[in-house]
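Chains as they are written, first to last, in my numbering: chain A, 1 to 260; chain B, 1 to 320.
Simulated from the structure, these hints should not be mistaken for lab results. All figures in this text were calculated on a predicted structure; none of them were measured in a lab. Take the hints with a grain of salt, since some may be wrong.
[To be verified] Chain B is nowhere near these chain A residues, computed Cβ spacing over 12 Å in every case:
1) A124
2) I161
3) I185
[Unchecked claim] Examples of chain B residues toward chain A, derived with CB under 7 Å:
4) T69
5) A99
6) V101
7) E105
8) F109
9) L110
10) R121
11) M122
Backbone N, C-alpha and C fix where the C-beta goes; we use that ideal spot for every residue, glycine too.
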Amino acid sequence: MSNFFGLVHNENVKIYARVRTWIMLGIIALTALLMPVLMYFVSDEIGLWSVMNTLLLFKFLPTVFAIAVAADSVAGEFARGTIKLLLIRPWSRSKVLLAKYLSLVLFMLGLFTLFTGLGLLASAILFGTGSASDDLLAQISGSMSAYFWWSLLYGIVESLIYMTMAFMFSAVFRSNSLAVALTIILLFMGNVITLLVDPAKYAIGRYLLFANLDLTQYINSATGQHGVMSLGFSLAVLAVYYAVFLGLAFWVFRKRDVAA
Amino acid sequence: MEIISDKMPHLNETSGIVGEPVVRFNNVVKRIGRKTIIEGLTLDVPPGQVFGFLGPNGSGKTTTIRMMTGLMAPSAGDILVCGRSITREFEQAISQVGAIVENPEMYGFLSGYRNLQQYARMRADVPKERIDEVVRFMGLEHRIRDKVSTYSLGMRQRLGVAQAILHRPKLLILDEPTNGLDPQGIRELRDYLRELTRLEGTTVFVSSHLLSEMELMCDTVAIIQAGRLIDVRELHGETDLEAAVEVAFEVDRPEEALRLFGDGAGEIRESRLIVKTNREGIAEANRRLVQAGIAVYGIRMLTRSLEDQFLEMTGGGHIV
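Next comes chain A alone, as it looks inside the complex:
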């Protein structure tokens, strides 16, 4: 079974054989199941999609866990020294790294699927799947289900960018803690940076990653929260950053000597 799928399978084994992965999955499952239960007891005038949109407040969980695993992906191999045994196989470094990246994307999508799936299941059992005619929020802001699915999709895009950033730091610095720290710092500093370099005032602010990461700003406004950008513009900016992150990761991983 020496095809590329074997490499991705190897990476999956390395992710799911670890206890920490199952703790992450457990935390996400618990959150997705307990949030609807909590809302069931604290308010009654709501329906399924209001609950799901509230649950999305916790979308940082799958993102942070995906960052943690991505940051360890390359750096962990260097820390253990297993990188040496991994790279002396008849596979180019690019393919080894690509397999790692694909397994991470699958992991991140898996986290969001678990998060959404269990949330929907618990909400459907507690609130029913019928039209939420008594849902006040739904009556005010139109289709709550459409809003949820778009928010989820944009949340996954944001998560993918952060995860790719962590993966790049991991491959470039070969240090797990540095990769996690940098990515989490940027995750929390993003809004502050956008405030300081306000895209409405400074043109350069529009090209910063963080002003474009929250795509949900375009659900209700074509020009976004700053009134100067568009969904297409933001997607283009994100695509450039994404390509730079991946390009850097592959370039450094291919070039550098392995002295672990």
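On the provided structure of chain A, position chain B as indicated by the hints.
The following block gives chain B in isolation, referenced to the frame of chain A:
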């Protein structure tokens, strides 16, 4: 009458049967920053041998192995493995290689078996039966389902060899393989490497800083110091008992002793009698000295052992 085909190794008048070198270092240079780690290494490793790569700590052994396995790129020159360039044809070259670079680091959270599966999945030619065969061969069958984090260093070393030979490589590279092995384990490894070269024709490239170990294990030893190849020599299994060696007799009256053997028979150096003789001759000379009433305080062979030569060549074992 046997028919010798083109594929058979050809005969070479000076050194018997030789084939294409399994590894060919072609003026390999490695610089890291301003420091030159390897200075123009040119060396052929003949097939079917246990080839020792000997040098003191910091002489560039591991750097050389990293370049042979493509983990590091040479600053200049090239390394051919089975005729393929490790830099330009990495995938073809490395597919013939099995290696442990430094310590055999494994995934501690996986069992030994699942670690081997990782490497088996990366090749088309390692069926499940081969994994089981290698596990049995390395004597790991009782603990192979346990997590590697619970293994002793010796067991990790065995698992390291297991992953290296899984795909029956033509070239097996072992970096300081006896580190952490007990004498029993060292012996087993030695026997095993011999068997591997004999039965499967594998070429084994072993690095070490311990000459005594190399002498027992290797057919040929290359000696490296401070990034330079100093010497390549073939080792012969047994020491020649018939060969004449210089022997120093420490006696109370050296002049008298010299006269006893005849003036041309030896010389006096640092008030010791030096004669050149073989093993039997030492016993005979000693008998004559004692019979002549000359007190013998000590007898020492002066021919430097390979170890002395190694120490001398490598500057007394200083870390350079």
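Verification of the supplied hints:
Chain B leaves A124 of chain A outside its interface by the beta-carbon criterion, the shortest separation being 37 Å against a cut-off of 12 Å. Annotated as non-interface, I161 of chain A keeps its C-beta farther than 12 Å from every C-beta of chain B; the closest such distance is 29 Å. Taking the minimum C-beta to C-beta distance to chain B, about 28 Å, the non-interface status of I185 of chain A holds against the 12 Å cut. The beta carbon of T69 of chain B comes within 5 Å of a beta carbon in chain A, closer than 7 Å, and the hint placing it at the interface holds.
With a least beta-carbon distance of about 5 Å to chain A, the hint placing A99 of chain B at the interface is held under the 7 Å criterion. At its closest, the beta carbon of V101 of chain B sits 5 Å from a beta carbon of chain A; the interface hint therefore holds under the 7 Å criterion. With a least beta-carbon distance of about 3 Å to chain A, the hint placing E105 of chain B at the interface is held under the 7 Å criterion. A least Cβ separation of about 5 Å between F109 of chain B and chain A falls short of the 7 Å threshold, and the interface hint therefore holds.
Taking 7 Å as the C-beta contact cut-off toward chain A, the hint placing L110 of chain B at the interface holds, the least distance being around 6 Å. Contact between R121 of chain B and chain A, as hinted, is supported at the beta carbon level, the nearest pair being about 4 Å apart and thus within 7 Å. Checking M122 of chain B against chain A by beta carbon gives a least distance of about 4 Å; that is within 7 Å, so the hint holds.
Checked against the numbered hints above, the structure violates none of them.
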